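Chemist: Going down the list, the sequences are from chains A and B. First residue of the first sequence: 1, per full-length UniProt numbering; consecutive thereafter. First residue of the second sequence: 1, per full-length UniProt numbering; consecutive thereafter.
Just so you know, these hints were derived from the structure itself, not from any lab. Please note: incorrect hints may appear among the correct ones.
Said to hold, decoys possible - No farther apart than 25 angstroms at their CA atoms in a straight line, the calculated lysine to any residue pairs in the SDA-like style are these:
1) B:Lys229 to B:Arg320
2) A:Lys6 to A:Cys19
3) A:Lys6 to B:Leu141
4) A:Lys6 to B:Ala134
5) A:Lys6 to A:Pro188
6) A:Lys6 to A:Val20
7) B:Lys229 to B:Glu216
8) B:Lys229 to B:Gln217
9) A:Lys6 to B:Asn129
10) B:Lys229 to B:Leu242
11) A:Lys6 to A:Leu187
12) A:Lys6 to B:Ser137
The structure displayed is predicted, hence computed values, not measured ones.
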Amino acid sequence: MGAGLKRFARNRMALLGACVILIVVALTIMAPFLFPAGAFALVGPALQPPSARFWLGTDALGRDVAAGVAEGARTSLLIGMSAAMGAVVLGAVIGGLAGYCRGAVDIVLMRITEFFQTIPAFLLAMLLVVILSPSVLSVIIAITAVSWPGIARLVRGEFVALGGREFILASAGLGASGPRLVFVHLLPNCLSSIIAVGSLLVATAILLETGLAFLGLGDPNVMSWGLQISAGRVSLRAAWWVCTFPGIAILLTVLSINLVGDGLNEALNPRLRER
Amino acid sequence: MRRWRYFGYRLLFALPVVFGILVLNFFLIRLAPGDAASVLAGESGAASPEYTELLRQKFGLDRPVIEQFFLYIANALRFDLGFSFRNDAPVSELILARLGPTLLLMLAAFSLAVAFGTLLGVLAAVARNSWRDAVISVATLICYATPVFWLGLMLIVVFSVNLAWLPTSGFEDIGQGYEGWERGVDIARHMVMPVAALGLFYLALYTRVMRASMLEQTGMDYVVTARAKGQSEGRIMLGHMLRNAFLPVLTMAGVQAGNLIGGSVVVETVFGWPGIGTLAFNALQSRDLNLLLGIFFISACLVVAINLIVEALTIALDPRIQA
Numbered sequence: 001m002g003a004g005l006k007r008f009a010r011n012r013m014a015l016l017g018a019c020v021i022l023i024v025v026a027l028t029i030m031a032p033f034l035f036p037a038g039a040f041a042l043v044g045p046a047l048q049p050p051s052a053r054f055w056l057g058t059d060a061l062g063r064d065v066a067a068g069v070a071e072g073a074r075t076s077l078l079i080g081m082s083a084a085m086g087a088v089v090l091g092a093v094i095g096g097l098a099g100y101c102r103g104a105v106d107i108v109l110m111r112i113t114e115f116f117q118t119i120p121a122f123l124l125a126m127l128l129v130v131i132l133s134p135s136v137l138s139v140i141i142a143i144t145a146v147s148w149p150g151i152a153r154l155v156r157g158e159f160v161a162l163g164g165r166e167f168i169l170a171s172a173g174l175g176a177s178g179p180r181l182v183f184v185h186l187l188p189n190c191l192s193s194i195i196a197v198g199s200l201l202v203a204t205a206i207l208l209e210t211g212l213a214f215l216g217l218g219d220p221n222v223m224s225w226g227l228q229i230s231a232g233r234v235s236l237r238a239a240w241w242v243c244t245f246p247g248i249a250i251l252l253t254v255l256s257i258n259l260v261g262d263g264l265n266e267a268l269n270p271r272l273r274e275r
Numbered sequence: 001m002r003r004w005r006y007f008g009y010r011l012l013f014a015l016p017v018v019f020g021i022l023v024l025n026f027f028l029i030r031l032a033p034g035d036a037a038s039v040l041a042g043e044s045g046a047a048s049p050e051y052t053e054l055l056r057q058k059f060g061l062d063r064p065v066i067e068q069f070f071l072y073i074a075n076a077l078r079f080d081l082g083f084s085f086r087n088d089a090p091v092s093e094l095i096l097a098r099l100g101p102t103l104l105l106m107l108a109a110f111s112l113a114v115a116f117g118t119l120l121g122v123l124a125a126v127a128r129n130s131w132r133d134a135v136i137s138v139a140t141l142i143c144y145a146t147p148v149f150w151l152g153l154m155l156i157v158v159f160s161v162n163l164a165w166l167p168t169s170g171f172e173d174i175g176q177g178y179e180g181w182e183r184g185v186d187i188a189r190h191m192v193m194p195v196a197a198l199g200l201f202y203l204a205l206y207t208r209v210m211r212a213s214m215l216e217q218t219g220m221d222y223v224v225t226a227r228a229k230g231q232s233e234g235r236i237m238l239g240h241m242l243r244n245a246f247l248p249v250l251t252m253a254g255v256q257a258g259n260l261i262g263g264s265v266v267v268e269t270v271f272g273w274p275g276i277g278t279l280a281f282n283a284l285q286s287r288d289l290n291l292l293l294g295i296f297f298i299s300a301c302l303v304v305a306i307n308l309i310v311e312a313l314t315i316a317l318d319p320r321i322q323a
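Produce the entire structure from the sequences given, and follow the hints as far as they go.
Modeler: Okay, here's the thing in C-alpha cells:
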C-alpha cells in the first residue's frame with residue numbers, strides 16, 4: 001500500500017483530480033457560511049445574469065445559483081459515496097460468497113450477477129425510486145441496487161485466484177476457520193483492487209444521481225445539481241447560466257473522481273494496468 | 001457449424017433473463033406501498049373502482065401470492081402487459097408505437113460511436129504518446145464525465161438558441177408537410193443533437209477500449225510475422241490487427257446495451273423525442289407504475305436481443321469461438 005501511494009503521488013493527473021475533489025469538499029463545508037440564507041431562499045430578482053453580487057446568476061425564482069451549486073455538492077458527494085460504499089459491501093458479500101463457497105452457490109450467484117449486469121440499470125433505478133418514493137435514502141438504495149455487480153465479479157475473481165495459493169492452503173491446513181480465512185487472508189489481499197474500482201463507482205453513482213434528479217426523482221427538499229438543471233431547463237432560452245454551472249460542477253467532480261480512480265488503479269493494481 | 005451451435009446455447013441462456021425480469025417486476029409491484037391493484041392502476045385514486053376491481057380479478061389479487069405470480073407470468077408471456085388508465089390504451093400497444101423512434105436514435109448513436117470510436121482509438125494507438133494521442137485522451141476523459149442530459153441542454157443553447165441551426169425538439173416538422181426525401185432530411189436534422197448527446201459518451205468509451213486493444217496487439221507474434229514477411233505497416237494495421245483489436249470493442253458494445261437504453265430515456269426527455277424514453281418520463285410524471293414496468297420489461301428484452309446480435313457478430317468475426 002505504501003509503495004502504491006508513492007506511485008499515486010507521482011501521477012500528476014491523479015493529484016490534480018485529488019485537488020479538485022478537496023476543493024469540492026471544502027465547498028460543501030463552507031456552504032453554510034458562504035450562503036447563510038440557503039439554496040432555496042429567494043435572494044434577488046429572477047434570472048439575473050452572473051454579476052458581482054450573484055457570481056453565477058439567479059434562477060427563475062430569484063434563487064442564487066452559486067448557493068445551489070455549493071449545497072448540491074454536498075448532496076452529490078453524500079449520495080455518491082454512500083451508494084458506492086453500499087455497492088462495495090453488497091458486491092463483496094455476494095462475490096465473496098460465490099468465490100469462497102464455489103459449486104452451486106457460485107453458479108447461482110454469478111447468474112444473478114450477470115442478470116443484474118444485463119438489465120437496463122437506469123430504468124431499474126428509476127423504478128426503485130418511484131416505488132420507494134423519492135428521498136435521499138431511496139436514491140442511495142436504488143443506485144446501490146444497480147451498481148454492485150462489477151464489484152461482485154471482481155471479488156469473486158480475486159477469491160478464486162487467491163484460493164489456490166500456498167498461503168491460503170497452508171492456513172486452511174493449519175485449521176483456520178472460514179471467517180478467519182475470509183477476513184484475515186482473502187479480503188485484505190483484494191482490498192486494493194476493491195478500493196480502486198470502488199472509487200470509480202463514486203463517479204458513476206454521481207452521474208446516476210444527477211440523471212435521476214433531472215427526471216424529478218431526487219429528494220424535492222434537498223438541493224442537488226440535477227434538480228437545479230431540471231428547474232433551469234424551463235428558462236434555458238432566456239438564462240443559460242442556470243443550467244450551465246451545475247453541469248460544469250458535475251463534470252469537474254466526476255472527471256476528478258475518475259482521474260483519482262484511474263490513478264489508484266495504476267498505483268495499486270499494477271497487474272490490471274491499462275496501457 | 002459448431003460455432004453456430006454455440007450461438008444456440010447463448011439463445012437458450014437468454015430465456016432465463018427474460019423470465020428473471022418478470023420475476024423482478026412481480027417483486028417490484030409487491031414492494032410498492034399500498035394495494036397492488038391501485039399500484040397497477042397507476043396514479044392512486046385516478047382509476048375508477050370498476051377498473052381497479054377488473055385488475056384485481058385479472059391478476060387474481062385475492063388469491064395466494066404464488067397463484068398471482070403465475071397469473072402475472074402467463075399474462076406477460078401472452079404479451080398482455082396490462083392497460084394504462086392514464087393513456088387509455090394497452091401498455092404493449094403504447095410501447096410498440098414508440099419503439100421505432102427509440103430504435104432509430106439508439107442505432108444511429110451506437111453505430112456512429114462504434115465507427116468513430118474505432119477510428120479515434122486506432123489514431124491514438126498509432127501515434128502513441130504523441131500530442132494527437134494526448135488530445136484524444138483528454139477529450140475522452142471529458143466526454144466520460146459529462147452528464148448526457150446536460151450535454152443535450154448545452155447543445156440546444158449553442159446550436160438552437162444562439163446559432164439557430166437546428167430544431168430544439170421533436171421528431172419532425174409535421175406542419176411543413178414534407179414528403180419522401182425532404183422528410184428524411186428533416187428527421188435527420190432533428191436527430192443530429194440527440195444522437196450527438198447520446199453517442200458521445202460511448203464514442204469516448206470505444207475510443208479507450210480500441211486504443212488499449214490495438215496496443216495489446218502490437219507485440220503479438222502474428223504482427224511480427226507479417227512485418228517479417230515485408231508487409232507494409234498500413235496493410236498490417238488494416239488487414240491483420242484491426243479485426244483482432246475490434247473484438248473487445250464489440251464485447252463492450254454488448255455490455256453497454258443496457259446503459260444505452262437508460263441514456264436514451266434521458267436524451268429523449270431533453271429533446272422531446274417521441275420514443276420509449278419520453279413515454280417513460282410521462283409515466284414517471286403520472287406515477288403510472290404498470291406502464292413503467294412494461295417499458296422496463298420491453299427494454300430488457302431489447303437488451304437481450306442486442307446482446308444476441310453482438311454475440312452473432314462476434315462469432316462471425318472470430319473463427320476461434322466454438323461450443
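Chemist: Each hint needs a verdict: does it hold in this structure or not?
Modeler: Hints versus structure:
1. Note on Lys229 (chain B) and Arg320 (chain B): the hinted pairing holds, with a Cα-Cα distance of about 24 angstroms set against a maximum of 25 angstroms.
2. The straight-line distance between the Cα atoms of Lys6 (chain A) and Cys19 (chain A) is roughly 16 angstroms, inside the 25 angstroms bound, and the hint therefore holds.
3. For a cut-off of 25 angstroms, the pair hint linking Lys6 (chain A) to Leu141 (chain B) stands: about 24 angstroms separates their Cα positions.
4. Between the alpha carbons of Lys6 (chain A) and Ala134 (chain B) the distance comes to roughly 24 angstroms, so the proposed pair stays at or under 25 angstroms and holds.
5. Straight-line distance between C-alpha atoms of Lys6 (chain A) and Pro188 (chain A) comes to about 20 angstroms, which keeps the hinted pair within the 25 angstroms bound.
6. Only pairs whose Cα atoms come within 25 angstroms are accepted, and Lys6 (chain A) paired with Val20 (chain A) is accepted, the gap being roughly 19 angstroms.
7. Only pairs whose Cα atoms come within 25 angstroms are accepted, and Lys229 (chain B) paired with Glu216 (chain B) is accepted, the gap being roughly 21 angstroms.
8. Restraint check: the Cα-Cα separation between Lys229 (chain B) and Gln217 (chain B) comes to about 17 angstroms, which is no more than 25 angstroms; the hinted pair holds.
9. Distance check on the hinted pair: Lys6 (chain A) and Asn129 (chain B) sit about 23 angstroms apart at the alpha-carbon level, within 25 angstroms; holds.
10. For a cut-off of 25 angstroms, the pair hint linking Lys229 (chain B) to Leu242 (chain B) stands: about 18 angstroms separates their Cα positions.
11. For the given pair, Lys6 (chain A) sits about 23 angstroms from Leu187 (chain A) by alpha-carbon distance, which is consistent with the 25 angstroms threshold.
12. In summary, the hint linking Lys6 (chain A) to Ser137 (chain B) is supported, as the alpha carbons are separated by about 24 angstroms, within the 25 angstroms threshold.
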